[in-house]
Amino acid sequence: MIAPPLRFRFRGQALELGGRPKLMGVVNATPDSFSDAGLHPTLEERVELARSLIDAGAELIDIGGESGVTNRPPVRPAEEIERVVPLVERVSGDLGVPVSVDTYKPEVARAAIAAGASIVNDISGLRDPLLADVCAETGAGLILMHTRAAPKQKLLDPSLDGRIADDVEEFLRERIALAGERGVAFEQLMLDPGPGTLAAVAHGVAAGVHVLRVHDVGDVADFLAVDAALSSAFELDSELRVADAIRWEQDSE
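FYI, the numbering for the sequence shown is 1 to 253, going by this note's numbering.
There could be a bad hint or two in this list.
DEER-style ranges, computed between Cβ atoms [what the hints assert, rightly or not]:
no.	residue 1	residue 2	range
1	GLU170	THR42	11 to 21 angstroms
2	GLU79	GLU44	12 to 22 angstroms
3	THR70	ASP128	32 to 42 angstroms
4	SER52	GLN13	19 to 29 angstroms
5	ILE164	GLU48	18 to 28 angstroms
6	ALA14	ASN71	37 to 47 angstroms
7	ASP167	THR70	34 to 44 angstroms
8	GLY96	ARG20	33 to 43 angstroms
None of these hints come from the bench; they were simulated from the model.
Note that the coordinates shown come from a computational prediction; the quantities given were computed from them, not determined experimentally.
Even for Gly, the Cβ is constructed at its ideal location relative to N, Cα and C.
Start from the sequences, fold in the hints, and give me the full structure.
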């Protein structure tokens, strides 16, 4: 996710961006998510999962109540609210980190914000402009993802072959303009170009990504630490440095 400014504002808070990417840990309040398939079925288990992600380095928690799996029917808004609101209340109230709700439904977003969420993660790319109205009214941050497909649907469009990057830019520019027309401030926006692969983490870091939404927070935190060390993003403690004679011994043989 790449934010237009270097500060992401949401409900009176601000996330300073730039430098090392921030990690957003994912907690699903669903029985059929592709990532964990209901491994954490109770509220307490989900709260503990969120706690473990924070301990591993997550600075934000993203809570979703509908699986993105395309062979499952959409969840009714009332049921989605029942799933996410108790978890949002506990994570935002007990764990003290900003909470994002992963939804494209305005009524779910409004209920989650009332429960303590401060960011709306819209995987539909603002297909319903009323979602922008909710964020404008409440001051919640809005994450806009690039997608030409409707929620719960796959889209294979041969016309995009060779011009994916252009389409991502065109789409997100349109959505930024639409959000602005509905009253969402520029600093309330964060952009998600939409790649969802493991390789995207490495490519995103190289491209200057500001926030990484991941399930395996600990592993990605380790990757970021190693990447920073290799790129000399911070100075290693002298006790941790490998002597040059050892580092280059292989080359001298």
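Now for the hints, and whether the structure bears them out:
1. GLU170 <-> THR42: 11 to 21 angstroms: At 43 angstroms between Cβs, range violated.
2. GLU79 <-> GLU44: 12 to 22 angstroms: Taking Cβ atoms as reference, GLU79 and GLU44 lie about 20 angstroms apart, which means the hint holds.
3. THR70 <-> ASP128: 32 to 42 angstroms: Once the Cβ atoms are compared, 19 angstroms apart, the range 32 to 42 angstroms for ASP128 and THR70 is violated.
4. SER52 <-> GLN13: 19 to 29 angstroms: holds (23 angstroms)
5. ILE164 <-> GLU48: 18 to 28 angstroms: The hinted range 18 to 28 angstroms is violated for ILE164 and GLU48, with Cβ atoms some 39 angstroms apart.
6. ALA14 <-> ASN71: 37 to 47 angstroms: Roughly 40 angstroms apart at Cβ, these two residues keep to the hinted range, so it holds.
7. ASP167 <-> THR70: 34 to 44 angstroms: Check failed, 20 angstroms falls outside 34 to 44 angstroms.
8. GLY96 <-> ARG20: 33 to 43 angstroms: Once the Cβ atoms are compared, 21 angstroms apart, the range 33 to 43 angstroms for ARG20 and GLY96 is violated.
Going down the numbered hints, you'll see the structure goes against 1, 3, 5, 7, 8, while the others check out.
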